Amino acid sequence: MGKAIGVMEFRSIGKGIESLDAMLKCASVSVILSRIICIGKYFVIITGDVAAVENAINTGNIIGTNEVKGSLIIPSVAEGVLEKINVKIDKSDIKALGIVETKSLAYGILAANSVKKSSNVELLKVSIMLGLGGKCLVLFTGDVASVESALEYTKNKINDNPKIVSAISIPSPSKELIDAL
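The sequence shown lines up with residues 1 to 181 when you count with my numbering.
If you are wondering where the hints come from, they were derived from the structure by calculation, not from laboratory data.
Any given hint might turn out to be false.
[Stated by the list, open to error] Here are the simulated DMTMM-like cross-link-like pairs (lysine to aspartate or glutamate), alpha carbons at most 20 Å apart as the crow flies:
| hint | residue 1 | residue 2 |
| --- | --- | --- |
| 1 | K103 | E152 |
| 2 | K91 | D179 |
| 3 | K84 | E67 |
| 4 | K91 | E67 |
| 5 | K135 | E83 |
| 6 | K125 | E148 |
| 7 | K125 | D90 |
| 8 | K91 | E122 |
| 9 | K95 | E152 |
| 10 | K69 | E101 |
| 11 | K88 | E152 |
| 12 | K88 | E67 |
| 13 | K3 | E67 |
| 14 | K157 | E79 |
[Unchecked claim] Distance ranges between label pairs, derived from CB positions:
| hint | residue 1 | residue 2 | range |
| --- | --- | --- | --- |
| 15 | N61 | I32 | 17 to 23 Å |
| 16 | I36 | E83 | 18 to 24 Å |
| 17 | S166 | S30 | 31 to 37 Å |
A quick note: this is a predicted structure, and the numbers were derived from the prediction, not measured.
Cβ atoms here follow ideal geometry from the backbone N, Cα and C, with glycine treated the same way.
Can you make the complete structure from the sequences, with help from the hints?
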């Protein structure tokens, strides 16, 4: 991708929309995703060059004040991460299954980026949905060693480990489990 992304999550939908407007007016950034999420929150992902994204996120934090639940900047997002948001899982070649559950959507995007950059694994899905209560679920596959390595790397990369609800490796998931995903 070569561009940075900025992720913001707001406790207030109105404040989130107001902040996004200010972000778009102050910097040359584009909206990748803008969505109302569970329990009356607002979530946005923007992209642009690093300086523009930093400027926009700073503006969002100023306008959003105490309604900002979280924000982060990923200077160089791994290829394929954004394309895996809320997609249907390709169940044809799942080996070991890796699962990272985070307390916020922003940290979920960071976890997905870490997983993708860490080892030889395939990102299956980044779940950002209404029914998750503001959480994010990252699913990925690979051989057992790669999945476990990706989990360790991601836990170390996200220094604020209380943001990670679970980090699980299922070495040989049942066909029924895969079908249920």
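Each hint, compared with the structure:
| no. | hint | in the structure |
| --- | --- | --- |
| 1 | K103 x E152 | 18 Å, holds |
| 2 | K91 x D179 | 7 Å, holds |
| 3 | K84 x E67 | 28 Å, violated |
| 4 | K91 x E67 | 39 Å, violated |
| 5 | K135 x E83 | 19 Å, holds |
| 6 | K125 x E148 | 17 Å, holds |
| 7 | K125 x D90 | 9 Å, holds |
| 8 | K91 x E122 | 12 Å, holds |
| 9 | K95 x E152 | 18 Å, holds |
| 10 | K69 x E101 | 17 Å, holds |
| 11 | K88 x E152 | 26 Å, violated |
| 12 | K88 x E67 | 32 Å, violated |
| 13 | K3 x E67 | 27 Å, violated |
| 14 | K157 x E79 | 18 Å, holds |
| 15 | N61 x I32: 17 to 23 Å | 19 Å, holds |
| 16 | I36 x E83: 18 to 24 Å | 22 Å, holds |
| 17 | S166 x S30: 31 to 37 Å | 33 Å, holds |
Hints 3, 4, 11, 12 and 13, counting from the list given before, are not met by this structure.
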